[in-house]
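Protein chains: 4
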Amino acid sequence: MSTFGTAFRVTTYGESHCKSVGCIIDGVPPGLALSEADIQVQLTRRRPGQSKLTTPRNETDNVTIQSGCEQGFTLGTPICLTVPNQDHRPHDYSETDLYPRPSHADYTYMLKYGIKASSGGGRSSARETIGRVAAGAVAEKYLAEVHGVEIVAFVSGVGPIQISDTSAAALVASVTRADVDATAVRCPDAATEALMHDEIVACSAEKNSTGGIVTCVVRNVPSGLGEPCFDKLEAQLAHAMLSIPATKGFEIGSGFAGTRMRGSEHNDAFAADSPGAALRTLTNHSGGVQGGISNGQPIVFRVAFKPPATISQDQPTASYTGEPGVLAARGRHDPCVVPRAVPIVEAMAALVLMDALLLQNARSATRQRLPPVPAELKAIKPF
Amino acid sequence: MSTFGTAFRVTTYGESHCKSVGCIIDGVPPGLALSEADIQVQLTRRRPGQSKLTTPRNETDNVTIQSGCEQGFTLGTPICLTVPNQDHRPHDYSETDLYPRPSHADYTYMLKYGIKASSGGGRSSARETIGRVAAGAVAEKYLAEVHGVEIVAFVSGVGPIQISDTSAAALVASVTRADVDATAVRCPDAATEALMHDEIVACSAEKNSTGGIVTCVVRNVPSGLGEPCFDKLEAQLAHAMLSIPATKGFEIGSGFAGTRMRGSEHNDAFAADSPGAALRTLTNHSGGVQGGISNGQPIVFRVAFKPPATISQDQPTASYTGEPGVLAARGRHDPCVVPRAVPIVEAMAALVLMDALLLQNARSATRQRLPPVPAELKAIKPF
Amino acid sequence: MSTFGTAFRVTTYGESHCKSVGCIIDGVPPGLALSEADIQVQLTRRRPGQSKLTTPRNETDNVTIQSGCEQGFTLGTPICLTVPNQDHRPHDYSETDLYPRPSHADYTYMLKYGIKASSGGGRSSARETIGRVAAGAVAEKYLAEVHGVEIVAFVSGVGPIQISDTSAAALVASVTRADVDATAVRCPDAATEALMHDEIVACSAEKNSTGGIVTCVVRNVPSGLGEPCFDKLEAQLAHAMLSIPATKGFEIGSGFAGTRMRGSEHNDAFAADSPGAALRTLTNHSGGVQGGISNGQPIVFRVAFKPPATISQDQPTASYTGEPGVLAARGRHDPCVVPRAVPIVEAMAALVLMDALLLQNARSATRQRLPPVPAELKAIKPF
Amino acid sequence: MSTFGTAFRVTTYGESHCKSVGCIIDGVPPGLALSEADIQVQLTRRRPGQSKLTTPRNETDNVTIQSGCEQGFTLGTPICLTVPNQDHRPHDYSETDLYPRPSHADYTYMLKYGIKASSGGGRSSARETIGRVAAGAVAEKYLAEVHGVEIVAFVSGVGPIQISDTSAAALVASVTRADVDATAVRCPDAATEALMHDEIVACSAEKNSTGGIVTCVVRNVPSGLGEPCFDKLEAQLAHAMLSIPATKGFEIGSGFAGTRMRGSEHNDAFAADSPGAALRTLTNHSGGVQGGISNGQPIVFRVAFKPPATISQDQPTASYTGEPGVLAARGRHDPCVVPRAVPIVEAMAALVLMDALLLQNARSATRQRLPPVPAELKAIKPF
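Protein chains in written order, with the numbering used here: chain X, 1 to 383; chain S, 1 to 383; chain G, 1 to 383; chain U, 1 to 383.
If you are wondering where the hints come from, they were derived from the structure by calculation, not from laboratory data. Bear in mind the structure is a predicted one, so any value in this text is a computation, not a measurement. Every residue gets a Cβ at the ideal spot worked out from N, C-alpha and C, and that includes glycine. There's no promise every hint is true.
Just the calculated beta-carbon pair ranges, DEER-fashion [unchecked claim]:
| # | chain 1 | residue 1 | chain 2 | residue 2 | range |
| --- | --- | --- | --- | --- | --- |
| 1 | S | GLY72 | U | ALA170 | 54 to 62 Å |
| 2 | U | SER274 | X | GLU145 | 29 to 37 Å |
| 3 | X | SER174 | S | LYS19 | 35 to 43 Å |
| 4 | S | ALA182 | G | ALA277 | 52 to 60 Å |
| 5 | G | ASP87 | U | ASN220 | 35 to 43 Å |
Whole structure, please, built from the sequences with the hints as guidance.
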């Protein structure tokens with residue numbers, strides 16, 4: 001449904017042509033400094049019209065905190081965030097409404113709900129992601145302020161143009177959001193970015209679209225996060241990422257390439273900077289998660305986005321009632337979503353981590369009030 | 001935590017060296033014919049020792065239905081399934097317990113819980129998956145009996161050996177479980193299987209391990225399943241698959257390869273066999289899901305498994321207390337998990353679909369009691 | 001937390017001095033005719049200032065549907081409902097803020113959250129109930145339209161003034177909302193209402209407050225609702241009612257008085273109007289629920305409300321920092337909440353029933369696709 | 001469904017005539033000393049046959065810990081507890097199966113599930129409560145060990161025989177489980193207990209049954225527990241108690257009697273033993289909860305149980321198929337359930353408190369890592 005999380009719980013609402021979109025966030029720690037500006041920055045990164053590569057639709061997407069804060073601090077009560085839709089009249093009927101867009105949600109929403117929102121896919125609209133990004137900004141504020149968590153996503157593939165493994169590794173190590181935002185494609189490898197840019201322009205010129213890949217790194221993750229067995233941290237990240245519109249794949253650490261490796265090369269050996277210190281790993285094929293639990297190394301994952309379904313080319317297809325015909329979509333559409341997907345991926349990562357942190361804090365705080373277990377059960381200092 | 005699902009809800013328990021492992025399933029429809037034999041068949045497919053490629057550990061894994069059935073039919077009340085552990089004495093202390101196994105859950109479980117099960121990772125043991133497979137068999141019984149759903153997984157990659165795209169497409173179209181089980185590797189493409197077999201034998205000989213890929217197809221899926229926006233069907237499948245031990249990636253339909261395609265080639269055009277009939281798609285790059293909702297086409301996805309972490313080679317690493325040393329694991333270990341992962345992938349797919357079906361049945365049954373909406377809202381006959 | 005329900009799920013937000021209050025409702029059946037007027041009617045019944053017995057605070061409480069509807073019909077997607085707060089400036093600091101109000105939430109909110117909303121209890125404000133009433137009106141719309149469900153609550157006790165058992169039984173049988181709203185106290189027994197009215201006026205005159213009881217009847221309840229074993233229908237009703245501010249007790253059917261009865265007089269014997277017809281009961285000590293499941297008879301329950309904590313009398317107490325003193329609350333406060341609690345009780349009942357109905361519809365629709373069970377298992381036609 | 005709790009989550013299974021009954025507990029803090037004896041003590045208090053007042057059915061109800069513990073300590077992983085049923089053959093068909101027992105769950109289970117367990121109500125059997133009591137014992141172990149929480153329930157009413165208010169107040173202040181178990185009725189007021197005893201014997205003699213009331217006090221409750229707004233502590237307690245078979249009412253603190261009081265007498269004034277100390281209240285009409293949050297005072301509540309539905313007298317009623325007739329139940333049945341309900345009430349209270357504690361620990365631990373809020377927001381030291 002439209003709720004995500006157990007202890008840090010976000011519920012979103014809104015579609016393209018209703019009055020507003022937004023969310024309610026429940027479980028925000030009380031006493032966190034929070035203003036609309038903290039949230040607006042990510043919403044602004046998400047909105048269209050930031051470069052010539054995206055649709056010119058001009059929506060300012062200004063967020064309002066409706067509840068849950070006073071005098072700049074969170075109260076611990078639900079925070080409702082709203083963003084008005086500029087155009088909230090139902091979409092006019094048009095000939096193209098006869099045809100469900102191929103590979104879009106038009107047809108499946110009709111199957112599921114038996115009623116058609118004027119805007120087609122309704123909740124499958126990209127505007128649905130505004131609530132996620134707003135909520136993610138709140139989660140991220142806490143994670144950054146208390147644990148120094150850094151979440152940075154960037155574009156690592158556009159159609160056939162892919163960043164090299166060497167370049168990707170370097171970015172994972174040190175890339176910042178400022179680096180990412182310095183380019184229109186949000187790929188902070190200049191040579192690759194230029195090719196990606198040309199690819200997107202070419203798609204646009206041919207009234208077509210292209211897919212792409214977003215890589216995300218999370219640094220300074222507290223260890224111990226993730227709930228075995230069904231709610232492993234990577235399972236929750238995969239759930240979060242595959243819930244973003246247009247995604248088709250997720251991989252963490254070595255991912256699909258790791259399936260081709262031997263265990264002896266894939267295993268991340270342990271080391272300690274000094275005896276008694278927390279262990280770190282010498283490599284990070286695990287992507288920061290072992291057995292479903294964060295190990296303190298950077299979390300690294302990649303998300304595959306398909307080419308957007310809505311294109312301006314004529315497409316032979318069938319109408320809702322099964323008659324063959326040609327769908328000729330009008331208007332301008334994003335030829336590639338990955339540049340705008342960057343803050344959405346970051347937001348979903350923040351939501352997963354914040355929820356996992358609250359649940360692990362519950363366990364740790366509760367456990368620490370018990371007397372220590374016998375030494376032979378080998379307790380170490382808990383997280 | 002250890003519960004999966006909303007309306008069809010499975011809770012599992014058990015680790016390597018406790019008395020039993022199993023699950024409670026809540027939300028099973030009443031009146032379903034169900035016997036232990038229905039469940040045992042998948043447990044037997046999951047257990048080790050079925051070919052020379054797996055560990056010879058001999059556990060019969062016999063399931064008992066503790067509750068929720070009478071005279072061969074489900075009552076609609078919780079079904080508890082238990083499978084005894086043959087050896088439920090705590091594991092003896094040994095020198096290797098000084099070292100957390102690299103890329104295993106030993107260290108992160110200690111970070112999370114502050115106490116160490118004698119068997120190392122505890123719930124990260126492969127025995128944890130018995131409860132999943134047992135519950136999946138119950139879900140699958142309903143899905144097959146009522147909707148003719150067929151869930152077939154097979155091995156499509158072992159280390160560098162990968163099935164061809166052509167072969168994969170042919171298998172997706174028509175492979176059966178009998179085909180899959182006819183080979184030791186569970187790859188029903190004979191030529192590729194032979195290479196995979198050699199690869200696993202080679203790994204075993206060098207006391208090493210290798211990763212692999214499982215492909216799964218689900219046929220005859222009812223349309224309309226999946227809950228926007230956070231619980232899209234692919235998001236739940238990704239969650240389910242990444243919760244299986246040793247998984248590192250998930251892709252549905254075109255997956256990562258689809259990111260390199262243009263929209264015009266990726267879009268799945270619609271057609272109908274006759275006017276008024278349900279639409280089908282001419283291609284299936286979507287993998288059976290559009291906008292997070294099943295469209296009635298086969299669901300096709302792939303799951304990446306890393307090489308098993310436990311290998312018999314000596315591994316330089318550090319002890320729990322941070323001292324450098326060499327871990328020399330003894331015993332025999334599976335060099336490759338994917339053949340045994342096949343029924344686990346099928347089980348998790350069944351759990352996702354059954355839960356989604358119950359939720360959509362709730363919506364449909366509730367909606368169908370309302371008067372029809374006006375024609376201009378274009379209602380079509382709901383699922 | 002601030003979410004209620006599993007399949008019909010309401011999340012509320014807002015406190016006294018933020019910008020708005022409201023809710024998101026997820027799981028509303030698609031295709032339900034719904035307008036703001038459908039919701040406004042119950043919000044208007046809830047707001048203060050409707051008679052001389054309540055505070056004159058004048059808030060119009062106009063609801064806006066932000067999402068989830070088009071052209072007067074629900075889409076099946078989340079419905080966000082908002083009601084602006086007229087005065088959303090933080091409350092000014094005042095001397096009385098030094099003292100937590102006795103028996104109010106001021107002190108416990110501080111213990112829980114470690115931060116104090118300017119308005120004292122924050123979410124414990126009566127304005128929090130606006131989201132509940134709005135959501136309840138949506139649930140009730142469906143229940144009434146499809147099943148003819150009637151939910152009517154009325155005041156049956158104010159301080160020492162209690163309606164007689166005979167009168168209560170008569171009202172349970174046939175009272176309507178119009179009857180209830182015909183009196184200022186919302187007690188449709190004229191003689192008792194007059195006494196209640198005098199009691200409230202007397203409380204007000206002595207700057208004091210009084211408690212009361214609300215009785216609620218729900219007619220035409222579909223049978224089969226309620227989920228054993230933890231989510232019995234009466235358990236969910238009790239949860240819902242005790243979540244309303246100022247409540248201290250709940251009883252269903254015979255309630256506490258039933259503890260004094262013998263089984264032979266308490267048992268509700270069955271009868272059928274004709275052979276093969278659904279059974280009804282000759283008495284209704286069960287209050288419409290047996291074994292946690294609705295039996296088709298009217299659901300009848302009573303809710304106890306304590307006297308409001310905020311009174312204008314001086315009260316000797318202690319400050320937050322533990323110093324003895326006297327709290328002198330200013331302003332006008334409701335001397336008795338039960339008249340305004342009537343629509344809140346109705347709303348919470350509607351939320352419980354709608355959620356239970358969706359879950360039972362899931363079970364029934366799923367079960368009905370199975371072949372019939374053998375006759376000796378005595379299946380009867382399911383709900 | 002059959003799961004209770006969010007962070008401390010219990011799932012139960014089992015009915016009268018299946019192989020075993022029990023539960024899985026997820027979220028138990030790791031490192032808690034726990035043995036079967038810790039659990040057995042409450043199961044033994046719950047089982048029948050402990051005095052001449054209950055049925056002589058002789059079941060030892062021996063619990064086995066299946067998982068989640070090693071060497072006497074919890075691992076933090078799910079704990080499965082099982083208790084075999086002595087007689088797990090399906091019940092033989094008999095003439096009385098033609099008639100649903102009046103006020104029992106026989107008929108509503110059939111309406112809900114469309115299939116009839118041989119034992120009648122199936123999950124409505126008293127044996128379902130074994131899983132609750134076992135899980136409650138685990139929760140209570142932690143609460144007692146870490147916070148010194150004492151949970152003591154006792155019988156305060158049997159039919160028309162009720163303990164006096166003075167006596168009840170004295171017991172609330174200091175009663176122990178040993179006091180309670182010193183009498184057959186579990187009413188530790190000797191004079192009243194004698195009358196109750198006679199009442200139950202009389203019921204038994206006339207093949208009838210009687211209702212009763214259980215009062216429960218919880219001492220040393222940590223403050224700050226309970227989640228506004230829907231999951232107020234009293235709402236969760238009410239939910240828990242009304243989920244126990246045969247309950248019809250719940251009241252906390254002043255309860256229904258409090259509705260007759262003026263605010264000035266009902267309000268619990270604050271005091272501190274010294275400036276800066278935590279506040280306590282001079283009276284406890286609130287029953288330990290204000291605004292849905294525990295305030296550190298004893299929690300006191302009462303639960304109403306109806307007379308058991310199964311009696312050996314002939315009862316005129318109708319058959320499943322609607323034909324009038326007389327139900328003549330055979331066998332011996334408990335004439336009054338309240339003595340055996342005592343440990344069930346205690347268990348459910350423990351489950352509610354443990355879950356609330358984990359959630360509040362999550363909040364507190366997360367909040368305490370933030371910098372302090374400005375003094376004018378009046379933060380006090382959080383729980």
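Looking at the structure, which of the earlier hints fail to hold? Hint 3 alone not satisfied by this model.
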